[in-house]
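Following the hints, position chain B against chain A.
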Amino acid sequence: MHFDIDQYYSRMNSGEVILAYKGSISSELITNVLEVIDAKLEDLIIKKSIKKKLYNVLVESLQNLYHHIDDLPDTSDGKFDVHFGIFVITREGERYKVSTGNFIRNEKIQPLKDRLDRVKAMTKDELKDLYKQILNNQDFTQKGGVGLGLIDMAKRTDRQMAYQFNHYNEEYSFFNLDIYV
Amino acid sequence: MESISIEATTKTPEIKMNPEDGVIEIKGRSIPENSIEFYRPIIEWLDEYAKNPNKKTTVNVQLEYFNTSSSKCILDIFKKLESLKRARNEVVINWYYEEDDEDMLESGEDYESIIRVPFKMIEIVD
Numbered sequence: 001m002h003f004d005i006d007q008y009y010s011r012m013n014s015g016e017v018i019l020a021y022k023g024s025i026s027s028e029l030i031t032n033v034l035e036v037i038d039a040k041l042e043d044l045i046i047k048k049s050i051k052k053k054l055y056n057v058l059v060e061s062l063q064n065l066y067h068h069i070d071d072l073p074d075t076s077d078g079k080f081d082v083h084f085g086i087f088v089i090t091r092e093g094e095r096y097k098v099s100t101g102n103f104i105r106n107e108k109i110q111p112l113k114d115r116l117d118r119v120k121a122m123t124k125d126e127l128k129d130l131y132k133q134i135l136n137n138q139d140f141t142q143k144g145g146v147g148l149g150l151i152d153m154a155k156r157t158d159r160q161m162a163y164q165f166n167h168y169n170e171e172y173s174f175f176n177l178d179i180y181v
Numbered sequence: 001m002e003s004i005s006i007e008a009t010t011k012t013p014e015i016k017m018n019p020e021d022g023v024i025e026i027k028g029r030s031i032p033e034n035s036i037e038f039y040r041p042i043i044e045w046l047d048e049y050a051k052n053p054n055k056k057t058t059v060n061v062q063l064e065y066f067n068t069s070s071s072k073c074i075l076d077i078f079k080k081l082e083s084l085k086r087a088r089n090e091v092v093i094n095w096y097y098e099e100d101d102e103d104m105l106e107s108g109e110d111y112e113s114i115i116r117v118p119f120k121m122i123e124i125v126d
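Chains as they are written, first to last, in this note's numbering: chain A, 1 to 181; chain B, 1 to 126.
Hints are computed from structural coordinates only; laboratory data are not their basis.
Note that CB positions come from ideal geometry on N, CA and C, so glycine has one too.
Pair ranges (Cβ atoms, derived):
(1) B:Glu37 with A:Gly147: 16 to 24 Å
(2) A:Asp139 with B:Asp21: 29 to 37 Å
(3) B:Glu2 with A:Asn169: 50 to 58 Å
(4) B:Leu105 with A:Pro111: 32 to 40 Å
(5) A:Asp117 with B:Asp21: 49 to 57 Å
(6) A:Asp129 with B:Pro118: 14 to 22 Å
(7) A:Leu112 with B:Ile122: 37 to 45 Å
Bound conformation, chain A alone (with noise of 0.2 Å):
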C-alpha cells in the first residue's frame, strides 16, 4: 500500500500550526509565503534574533524543497500537482518546527541519510569548518545551489534535526525532515 500523504498531512497539522501548505512549490509561493509569514512572525516573536533564526531556516527549508523535489512519472490522476511539496510550521511550547515533505528517488536515499548522519554528528566547530570549506572551494551546481542548505540548518539550530523517508512505491519515498529552533 503507498503511504498515505494526506493522513501524514493532517498529522503534521496537530498542534499550534502558525503555516501549513500542500502542493505545488513555485518561486512565486515561497515569495508569497516569506512576506506572509515575516509579518506573521512579528507578532508572534518577541525576541527579534530568534526571529531571524526561524526564518533563516525557513528560506533554507523551502528552497531546498524548490531544489530538490522529484516529481512523480506520472501526476495525470490528478492527486498531486507539479512539483509537489508540504511544508507546515507549528510551535511547541518555547521551540518552533519547521517540517517539510516532497518525494524523492529511492536511489538518492542513502547518499542524503549519509550526509544527514554526517552533519547530525558534527560539532559546532566542524560544522563551522565544513561550511566554510564548501563555501570557498565550491561552484555551483546545476541547480543554482551550493550545497550548504542543510549545513547552515544544522549551524542554526545546533542540529535540532530529525528526519524520515517512508516508502511509497519501488521507485519513490516520501523524505520528511524537521527542524526545530
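Same frame as chain A, now just chain B:
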C-alpha cells in the same frame, strides 16, 4: 564608468556602487532561489572598476538575511575586493549586524577568515 543603483525587493538587496568616491553598499535581504543572475552585473562592475579604482574603496554590507545561494556570490564580491587590496589599493569593509544577531556576526567573521582583508564589525543598536 557608470555607477550602479539597484532598488531592494523582497528577495534581493539594495545595491549602490559609485566609481567616483569608491563607495559600495549592499543593504537588505538577499534570499533569491538563484542568486547568480542577480549578482552577475555586480561582479562584472567590480572587474571593470578594478582596472582604474579609486584610491580608497569602502564597502558597507548591511544584510538582514542572506541565504546559502547568496553566500557564494557575496564571497565572490569579497574576493574581488581582496585582489583590489593585493594590488595595493586601500579597501575598507564594514560589516553591519543587528544587536543580538550572533549568526550574522559569525557570518562576517567567516568571510573575514577566508579572505585576507580585515573587516570592521559594526553593531547596530535599536
